[in-house]
Amino acid sequence: MKNETMENKPMSRRSFLKTSALLGGSAAGLGAVEKISSKGFGRGKIDYPLNDAENVIYSVCLQCHTDCPIKVKIEDGVAVKIDGNPYSIQNLNSPIPTSTDIQVGAKIDAGLCPKGQAGIQTMYDPYRVVKVLKRAGKRGEGKWKVIPFDKAITEVVEGGKLFADVPGEENRIVEGMRQVRALTDAKVAKDMAGDAMNVGKGKMSLADFKAKHAAHLDLLIDPDQPDLGPKNNQFLMLAGRMEHGRKEFAKRWHKGAYGSNNFMEHTTVCEQSHHIAYKQVTSQYVDGGKWKIVSEHMKPDFRNSRFVIYFGTGFVEANFGPPIMANLATNAIVDDGCKVVVVDPRFSKSAAKAWKWVPVRPNGDAALIYAMIRWMFENDKINKEFLVNANKAAAKKANEESWTSATHLVAYDKEGPAKKLRASDLGIGTSDQFVTTQGGQPVAVNTNDKLNAVVGDLFFSGELNGIKVKSELLMVKEYAMSKSMEEWAKEAGLRVKDIVEVVREYVKYGRQAAAEMYRGPVQHTNGYFNGMAVIYMNMLVGNIDYNGGLIKGGGHYHEDGSKGGPFNLKKDAFAGKTKSFGHKITREGSYYEHSSYFQKNGYPAKRPWFPHTGNVYQEAIPSMDDAYPYGVKILMTIMGTPLLSNPAAHMSMKTILDLKKTPLYIANDVAVGETSMFADYIFPDLAIWERWGTPHVTPVAVTKMSKVRQPTIEPLTDTATIFGEKQHVGFESMLLALAEKLNLPGYGDDGFGKGMPFKRIEDWYLKMATNIAAGDHHGDDLPDADARELAIFKKARRHMSADTFDFDRWSKACTDANGKNWFKKTVYLLNRGVRGEDFTNYTKNVENSDKILHKFGKMFNFYCEKVANTRHSYTGKKFSGISQYNHAFDYAGKEVVGSSAYPLKSITYKPITGGQARTQAVDYWLQAVMPENTLDINSQTALEMGFKNGDMAKVVSADNPEGMWDLGPSGKKPMVAKIRTVEGLRPGVLCASWSFGHWAYCSRDIVVDGKVIKGEKSRESGVCTNAAQTVDSGLKNSCLEDLIGGSAVFYDSFVGLVKA
Amino acid sequence: MSKEELSRVSENLTLETDESRREFLDKFTKGVFGGLVVGGVVSVLAPVQAKAQKEGSNLNESTPFKPFVLPPEQPGEDAILRMMRDIQRALKKPIEQRHWNMVIDLRKCVGCDACSVSCAAENKLPPGVIYRPVIQQEIGSYPNVGHITLPRPCMQCDEPPCVPVCPAEATWKRPDGIVAVDYDQCIGCRYCLNACPYNARTFDFGMEYIDDTADAPQVFLGKEKAGKYETEASYEYAKEWKRKEDASPIGNARKCHFCVPRIEKGMLPECVVTCIGRATYFGDGNDPDSLVSELIALPNAFRLKEEIGTRPSVYYIK
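Line by line, the protein sequences are chains A and B. Okay, so the first sequence: first residue is 1 according to my numbering, each after it adds one. Okay, so the second sequence: first residue is 1 according to my numbering, each after it adds one.
Just so you know, these hints were derived from the structure itself, not from any lab. Values in this document were obtained by computation on a predicted structure and should not be read as measured data. Hints may be right or wrong, so weigh each one.
Derived list of chain A stretches under chain B, where covered just means 3 residues or more per stretch with a C-beta under 8 Å from a C-beta of chain B [what the hints assert, rightly or not]:
id, segment
1, 353 to 367
2, 1011 to 1021
Straight line, CA to CA, 27 Å or less: simulated DSSO-like cross-link-like pairs of lysine-lysine [unchecked claim]:
id, chain 1, residue 1, chain 2, residue 2
3, A, K1017, B, K223
4, B, K228, A, K794
5, B, K225, A, K795
6, B, K66, B, K223
7, A, K855, A, K381
The beta carbon of each residue, even a glycine, is placed where N, CA and C say it ideally should be.
Next up, chain A with everything else stripped away, as it sits in the complex (with noise of 0.2 Å):
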C-alpha cells in the first residue's frame, strides 16, 4: 500500500481507534490492534504449500472407527490441516487410481467428516500425556508425580512395596508381571493346555490331571480347576478402541509371548451382537459337524439400492460410516429417487432426509420386522424362487450367488428344536448331509455342493423316521404368525398402517432393497434376535449379492500375510511362543458345561458364560469384583475408559479403588481420563496421527481396500530407550521395553526371526504394510517408488527425527527372510496411504450385471443351530435357533419395567462430533458446534413430566435414585444437564447423546508433583447417562446383557427426571 493511498483514505485503523476512544467506545476487544501496516494487499505471491505432496502425509483417522484414510499436511513439523484421502473409497465416491502421481494426488482433497478435521486439536491437546505418570496419593485421589518411563517399566515389571509413600499402602507388596507371570516354559504350556480344558469338560478327571501334571501344578490359579488356565491369566489387557496391526501387535505380545489368555477389547459396548448375528446367520457348515465363521457384517450396496430401511442407525452418524455412507445415501435419495426409512426411537439427521420416521418402541425392531414378515407371508410377497434353492448348486443353476437354508430341515426332541436334520438321521446319507423335502419325501442335502442342485419345500412339518422336523422357513412362518398384525404393532408401539405401509414399499423394489442396522436395534438383552431379523428382512427379499440389495463390500489386501505376502506374522511362531490356555475372565469363547464350574455347580452359573461372542468388554471389571471365574492382579487399560462407557459403569468405580480386587492398574492414555485417572501408573500413548495401524475398511467398499495408518509428525511423548534404540513412548514401545525387561520370547535381535530384529515399533508395522504393497498373490504387488518419490517420500519427512524416521532402517525391516527388500513397494504405499482396486472393475460391472462386484457366495441361515444347541447359563435352557422378539429380561429372568418414579425409557446416540469418549470433550471446533448435550425428552412428555425447555433435571433410576456418578475420593459428580423439549423423539423416551459428562480429562483441577494444574471446565458439560442404567438383579455390580451376542444393553432401561 502506497503513503498516497493511505492518505487518501476516509479513514485508517488509527484514527477510528482514536475516534472511537473519543466518543466513549469501548476499544477494549481492539486495543491489540493499532499497527497499521504497509504491507500491500492481494499482491500474494505466497504459493500455497499445502498442495505439494512435500508436505503431506497420508494416514489413517480413528476419531471413530470408520478409520476414514486421510492426508494430514504439514507446516514447520505440525501438522495443520486433515482431508480425505482421495485415493480412497471411503473419502472420494470414484477414488482416483492407486497409480496416480502423488503430485496429482496432493490436490485432491476428499470428503471427511468434522470429527476426523478436528482430530489436530486431540493430538495437540494442552492436556495431553506426555511423559509417565505415577499414583502419589490414593488411587482416585487425582495426585500424581511424574516418574522416568525406566523406573515405571521396572516397577510394574518386578512389583514391590510400589506405592510406600501413600498412606495405608506402606506394607502392601504388589505383584508385578515377572511374578505374575508364571508359567513361561512353552512346552510345559502345551502339555497342559488341552488335558485342563478336558477336564473342565469332564473328559479328564481332576485326579489323573493332576498325576500327569504334578510338577506344574504351581503354575496354575487354581490347581483344582486346571481349565482356568495359568497365573499368566491374571493380567488383563482391556482395550478400549484397538483395531488391526495393533491388536495383532498386542496379542503376539499378551498371549503368544507373556501367555496370558486374557486379552480382549471393548465391541460389545459398541454394536457385538450385530456382528454375531451377521456370524451365525453366515456361518458356513463344514464337514465334520462344525460351523465356519465367514462374515461379521454385511451392509446394503448404498449406491445402487432404491429402498434402505435403517434399524436404529443412519448414514450421518455413529455406523460404519458417515462419509461413504453419507455420500452415497444423499447422492442416492436426490440423484436417483431412492426411498429411505428410519427405524428410530429418535429423529436423526438421517430421519430428516427419509421417507418415512418410524419412532419405533426400543427394543420393538424385531416385533416391528414379525409384522412385516407376517404381512410378507400373508400377502405371498417372499421371494419363494431364491429361497427352494437348499445348496450352492441350486442356486448357480438359478442364476443365483448365495442361497439360504430355508428348505432345510429342523429336527425336535423333547425341548423342541435342537440340531438340524441330518441325512443319516433316516438312513439317506451322511452325517454331514442336511435333509430337505421335495413334494413331502425327504431329500439329502450336501449345501456346499457345486454340482447336484437340490431344491426343497419351503414349508414342510411332518414326522420322518418317528423325528419330528419342520422346514426352517415354516419355523419363521409360524413365529411371524403366532401373533396379529395389531399384536405385533402394539409391542413395537406403531400403527399397522405405517407398518404395512413401509413393508409394502419395501417389497415393490426387488432385489434393490436392503433392510441395514448397527447399534440400535442390538443393544438390548433381545439384541442378537433383534440383529436376526434385520438379517431376515434381506433373506427374504433374496437381495443378497444384487446391486442395492445386501453385499460383503470389496475386502482388503492381507496385511496379515496369511495370503501369501512376504510376512507371515499370522502364523508368525517364534521361538518360545506360548499356547496360552484357560477360560477367559469374561468367560467369552467357553460353554458354561465345559467348565469345571459346571461340574461343581450345575445352574444357574454365578454369571453367564458367552461361547458365541467375545470382547465382552462390561463383563470384565465386574468379573474381577467376584473374582469369577478367578481374581485379577494386573488390569492394563488402552484408549479405552470402560468406567465411563459401560451401562451401570458406576458400580465397577469401588472393583478399580480395591486394591485387593484391583491388586495393579496401568492405563495406556493420552490424557488422564475418566478410567485412567483411577490407574497407579499412566503410561502415554500415541496419539491416532503419531501412530501405526493397519485398519479393515467397511463393507460399504465395493472395491478393495487396504489402507496403513502412520506417523504424520514426530510423536509429542518423551523417548525412551527399549533394546538400545531410541523411540518415542507409547503403547508399542512400553510393550517393547516391557518385553526387553521380561525378556519375553520373540523380541530382540532376532525377533521375527534370524537376523530380522523386532526392537521398534516400526519393526511389525512396516512388515504390515509391506504385505499389503505386495498384495494377495504373486504378481499382485506395487509397482515400485522411483527416485523422485522417494526423494518426496524422504522430504515429506523432513521434520521427523531419527527416533521415528529413518530411511535406512525402515528399509531393512522390510527385507524378508530370504533377503529380498521390499521398500521401494511399502514406500510406493505409503505415499499414497491406501491401495486399491482399479474402480473402473466396479463401473464396468455394474453396467453389465444385476450382481454386485464382489460376491458373498454362499449359504444364509435362517436357524443357527449352533446357537439353538447352547444353554442359558442361570436357567439351563435352550435358546432359540431362529429369531424371537423378547421383553427385556435380566440375568436372573426378572423383566425389566418401569414404574411411576421411573417411567422413561433411556436411549444414547452419537452425534456426528463425538465418535468417542474423549473427541468431543478435547476438540474445540467440535465443541463449537456442539458444547454440551442436552436430556431431550418430547415436548408432550415434558408437559405430563412438567418439564419446560431449559431446565435443569437430574436423572435418575431405581438402582441410582440419587443419580450420581460416584467417583470415591473425587467425590460424587450428578447426572444433571439442561431438558430439550423436542418434537423429533418418542414420547416416554429420554435420550442424551454420548461424548459428554467427562468428570476427568482435565476438565477438573489435579496435583502433579505437589502443584496444582488448573483443570479446563468447559470439558466437563453436559451428562453421561450410564449410571441411570438398570443394574442386573442377577448380577449385582452391571448392566443388562444380551447373553447370546454378549452386548451391553443401553436401550432397555427405565429412569426418572427429577428438577435440578
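Once you have looked at the hints, place chain B on chain A.
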C-alpha cells in the same frame, strides 16, 4: 422444506435477536463474543451498489496457475473430480471472464458441520470467527417432524452491502465475484458486520482456543506446543498470515473468501471437498459447461433474500 419454512430460516439470518445465530456464535466464542458487537450505524438497507472494482489490485501477480492432469473421466465419477476439471477450465481464462459461484443442495446437506470445522482449520480461525456456520432447526410436531440445515457462507454478493459502508475501503468486489477484505487496511470498525444482511462477517478478537488451559509443559504437552497449529500461516488472499499479537488479521472483520488460495491452485474450497453429503458445489457460473451452471438452472434453485437485491453468488437447491 416448504417455502415458508425456508423464508423463516433465511429471515432469521438477518436478525440480531435470532436465537440460533447468537447461540451459534456463543459456541464459537466460548462465550466471550457477546456484548462486544458495535452497534449498527449503517442500515442494512443502505444502497448496495458495489464500489468499482478495486484498481491496481494486481490480482494477476499471484503465482500463475499450473494445470495438473486429473485422472481420466469415468462414469459415475465423484462430483469433486468433475468440479476440479471445471475450475481448471475457468483458470485458463482471464480473471474478468470467470465468475465463481457456489451451489448448496439442501436436500443433500446432512447437517454434519464438517464444512464449518474444515473451514476453521484451513483458515486458522480463532474462537469467535466463523465463515460457514450451518444453521439447524427442527420443524413440525411429533410424529411429523423435519430438520432444516442451512450452511451459510459469505454470499459473495454482486451488490455487496458490506462494501459501501467500509470507511477504509478495505473491502471490495473482485472481478471473479469474490468480495475481498484487505486485512492490513481494515480498521476494525465492524460496520460491515452490521451491513451484511446474511451476518456473514465476524470479528477477530485475537483469542486462541487454548486460552483457558493451564500451561504445564513439565507434566503435559503444554500450551506452547499445543497451540502451534493455531499460529501457523493461513493463506487467505494468497498471502501468508501468521497469527501474532497486534497483527492482522487480529482486529479485523473476517469472512469466507471461497478459499481463494486454493481455487487459484485449481483446488476446490474446503467446504466443498470435505462435505460428506456432497451438498456443496463450486465452479465458474460463466461457463455453461460447469456443474454449477447446470445446477443454478434447476427450477428449484434459489438465493437467500433475493428480494433485497444483493444478488448473491451462492445458490441453494431445495
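Structure-based check of each hint:
1. 353 to 367: holds (count 3)
2. 1011 to 1021: holds (count 7)
3. K1017/A with K223/B: holds (16 Å)
4. K228/B with K794/A: Holds: K228/B and K794/A sit about 23 Å apart, inside 27 Å.
5. K225/B with K795/A: Holds: K225/B and K795/A sit about 23 Å apart, inside 27 Å.
6. K66/B with K223/B: Given pair K66/B, K223/B is violated - Cα atoms ~39 Å apart, limit 27 Å.
7. K855/A with K381/A: Holds. K855/A to K381/A sits at ~25 Å (cutoff 27 Å).
Of the numbered hints listed earlier, the single one contradicted by the structure is hint 6.
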